[in-house]
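> Sequence:
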Amino acid sequence: EIRVPRTTDRNPTVTKLVKEYEKYLVELADVNYVCHISKYCTRQRDLVHRITFLIGVAARALITLWFMFKVGF
549 EIRVPRTTDR
559 NPTVTKLVKE
569 YEKYLVELAD
579 VNYVCHISKY
589 CTRQRDLVHR
599 ITFLIGVAAR
609 ALITLWFMFK
619 VGF
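Letter by letter, the sequence shown follows residues 549 to 621 in the working numbering.
Derived by calculation from the structure, the hints in this document are not laboratory data.
Careful, some of the hints might be misleading.
[As the list claims (entries may be wrong)] Estimated spans, in silico, between C-beta atoms of each pair:
{"#": "1", "residue 1": "Val-596", "residue 2": "Val-619", "range": "28 to 36 Å"}
{"#": "2", "residue 1": "Tyr-569", "residue 2": "Arg-598", "range": "14 to 22 Å"}
{"#": "3", "residue 1": "Met-616", "residue 2": "Tyr-572", "range": "18 to 26 Å"}
Predicted model only: the values in this text are computed from it and were never measured.
Virtual Cβ for every residue (Gly too), placed ideally from N, Cα, C.
Whole structure, please, built from the sequences with the hints as guidance.
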């Protein structure tokens with residue numbers, strides 16, 4: 549039996565990052581779901597969600613760029 553290692557298997561840091569990100573996505577989905585059910589969300593909370601989301605996107609972009617820079621040069 550030939551076992552082909554996935555790229556994430558070779559790099560534990562990447563695996564950890566991916567797992568953390570998945571956990572974060574699940575938590576985010578839960579918050580949105582609870583919000584939707586209770587109709588409790590105010591505009592302010594939506595704004596907070598958007599800001600955190602944008603910060604997350606920016607951070608991921610920076611990490612990706614840094615990673616590409618490190619690997620590429």
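> Confirm or reject each hint.
Hints versus structure:
1. Val-596 <-> Val-619: 28 to 36 Å: Check passed, 35 Å falls within 28 to 36 Å.
2. Tyr-569 <-> Arg-598: 14 to 22 Å: holds (19 Å)
3. Met-616 <-> Tyr-572: 18 to 26 Å: Distance hint for Met-616, Tyr-572 holds at roughly 22 Å.
Figure legend: structure checked against the earlier numbered hints; every hint is met.
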